[in-house]
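Engineer: Build the full structure now, drawing on both the sequences and the hints.
Read in UniProt numbering, the sequence shown has 14 at position 14, and its numbers run on one by one without any break.
Derived by calculation from the structure, the hints in this document are not laboratory data.
Take every hint as true, because none was put in to throw you off.
Each computed SDA-like pair below joins lysine to any residue, with the alpha-carbon atoms no more than 20 Å apart: (1) Lys6 to Arg34; (2) Lys18 to Glu5; (3) Lys6 to Val26; (4) Lys18 to Met1; (5) Lys18 to Phe2; (6) Lys37 to Asn25; (7) Lys6 to Asn16; (8) Lys6 to Lys37; (9) Lys18 to Ala3; (10) Lys6 to Asp32; (11) Lys37 to Met1; (12) Lys22 to Val4; (13) Lys22 to Glu5.
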Amino acid sequence: MFAVEKNPNAVITLRNMKVSEKWDNVTIVSSDMRVWKAPEPADIMVSEL
1 MFAVEKNPNA VITLRNMKVS EKWDNVTIVS SDMRVWKAPE PADIMVSEL
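Structural biologist: Structure below.
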């Protein structure tokens, strides 16, 4: 599972939550989702745009 976020402050929060909540299956990606290239096709995508 990938969490793609372009806001640097939100990335820090997500990285802290990954550790504190033990999100072992989540990879935090600091990027704009419009330009990020996923390493594999997604089954589902959710956006707040």
